[in-house]
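Residue numbers (my numbering), protein chains in the order written: chain C, 1 to 310; chain B, 1 to 310.
Be a bit skeptical, because a hint or two may be false.
Remember, identical chains collapse to one label, so a pair may be satisfied in a single copy or spanning two.
The calculated lysine-lysine pairs, modelled on DSBU-like cross-linking and capped at a C-alpha distance of 35 Å, are [said to hold, decoys possible]:
1. K72 with K296
2. K4 with K75
3. K148 with K304
Derived by calculation from the structure, the hints in this document are not laboratory data.
Number of protein chains: 2
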Amino acid sequence: MPNKEEITNWLKGLQDSICSGLEALDGSGRFQEDLWERPEGGGGRTRVLTEGTIVEKGGVNFSAVEGNMPPKLLKVLRVEADTSEPITFYATGVSIVLHPRSPRTPIIHMNVRYFEMSNGTWWFGGGIDLTPHYVDEQLASDFHQQLKTVCDEHDTAYYPAFKTWADDYFFIPHRNETRGVGGIFFDRLQTTDQHSKADRWAFLQSVGSAFVDLYSHQVNATKDLPYGENESNWQRLRRGRYVEFNLVWDRGTKFGLETNGRTESILMSLPPQADWAYSYEAAENSPEAKTLDLLKKEINWVEKLMETSI
Amino acid sequence: MPNKEEITNWLKGLQDSICSGLEALDGSGRFQEDLWERPEGGGGRTRVLTEGTIVEKGGVNFSAVEGNMPPKLLKVLRVEADTSEPITFYATGVSIVLHPRSPRTPIIHMNVRYFEMSNGTWWFGGGIDLTPHYVDEQLASDFHQQLKTVCDEHDTAYYPAFKTWADDYFFIPHRNETRGVGGIFFDRLQTTDQHSKADRWAFLQSVGSAFVDLYSHQVNATKDLPYGENESNWQRLRRGRYVEFNLVWDRGTKFGLETNGRTESILMSLPPQADWAYSYEAAENSPEAKTLDLLKKEINWVEKLMETSI
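Bound conformation, chain C alone (with noise of 0.2 Å):
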């Protein structure tokens, strides 16, 4: 049974092998680090690549923390706990976010984490979504059905539960449309009848190990497309719709804000420019129009890309 150093060792080596990844997709860019503590305990290591040639701004933050848990936390997280004795903590992850120069290339986030209590509790957490500045139909199939194949190794009720979850989670209820073509996300994974730690672990990892392939096949399919001032000014106003999602919506970013976390990290999610037009609307049957067309909930992408392909 995977143990807390086993996990946090092996999301080390997963930041490495990605940021080696992402360099070698970029070409030119490098990630720079920050190595910083948290006075509670733990800390993280914050990469960070600016000014690439594929990536305008992005990071992949590794952090491990610990400490008493805070009965606030316990209540965010709405866990039963025996609190007659102190209750630690340990938390640990490895989260992405990349900017990419481009308006044809998806912005794309990921998350794994694992975190454990000292009254016993565990469980495993994690999401992939994509968030195209202009949807590519093909490339949203593409995505999915790769994702699928993904959980489809571990438990074959995954992707179409997982995918569901992150319609869910990937939604600005204010502009009621999602943040772009959605992905997988999952929570609280534990053991069940079917699925051992071991076999959770196995699939966290799996979804880890799958990022630097889903994100190149993005990349590759788009870099070369051409795009003017009108497809950097929508870039614009859809990064601005990012920040919506991240600072109004995402629990992650709240609750790093509220309980002090390490700013800059949690931040770094941001993109490097952004904007707002009052009631901005797109042409009738412009590709923005269109794009905003496809950010709903519960498009079958997988069965779009068999639709295509056939």
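Chain C is fixed; fit chain B onto it per the hints.
Just chain B now, with coordinates in the frame of chain C:
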């Protein structure tokens, strides 16, 4: 005693006079108006000015909404009320945020509002605060002195109390800095031994009526100051902080977005453009570093003015 019709009509007139005043100040920009209705009752007049000579993007919103008091709202407002029969509410106000084109000119915000419930409870609230991209101590002092003069006409206890309240409200905890140089903030102004409803209303009217003069002073003192790419870059980073405050911490914004308010009217407060740079550090002794040094609570701006005037 002022009633809701009288208050509402006066606030509508305030929106008109502020828009006229700002158009005159700007010289070229004109407000565009959107009328909107709220399905649950009431509506508003959103006025936005973009691409002016002085103002790059700004809004002056009037709204008057009413309906059944949601139990959630009673809880948020921490109001104890007999809920054995349905309570209705009425809320009206004017909200302003102006993002100037020049990094030498401060961002300004004002809100004046009135709230009442069918059970007889009512209050006034509001505030004005200034967010210079570069803090000019004389101009910050002028701003506070003008606010103190407005307050002192009504109660000499107002300015010190409401200035401290603004320091606490317009604060970004995850950055450990104030949004700007503050101003005044007040809420739940009700009847007391010292103040009738008419007194409170007269104070709110004085605050609202002071707006155009307050901002004109800031604009006239800064509009001809030179600036270059360096100052514009800094402006976009400061606008990023404005976005962070509004989306993460501002109670009005959060409440509006979470309760299905009119998104475009709420988010007219966001700048036209904002930047984020990972771990940006201002050069030692630079004007940017000097500004950061002044983004603190408890600066006695009025006394600073007296010192420099002597």
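Going down the list of hints, with the structure as the test:
no.	hint	verdict
1	K72 with K296	both (34 Å within a copy, 28 Å between copies)
2	K4 with K75	within (23 Å within a copy, 41 Å between copies)
3	K148 with K304	within (13 Å within a copy, 64 Å between copies)
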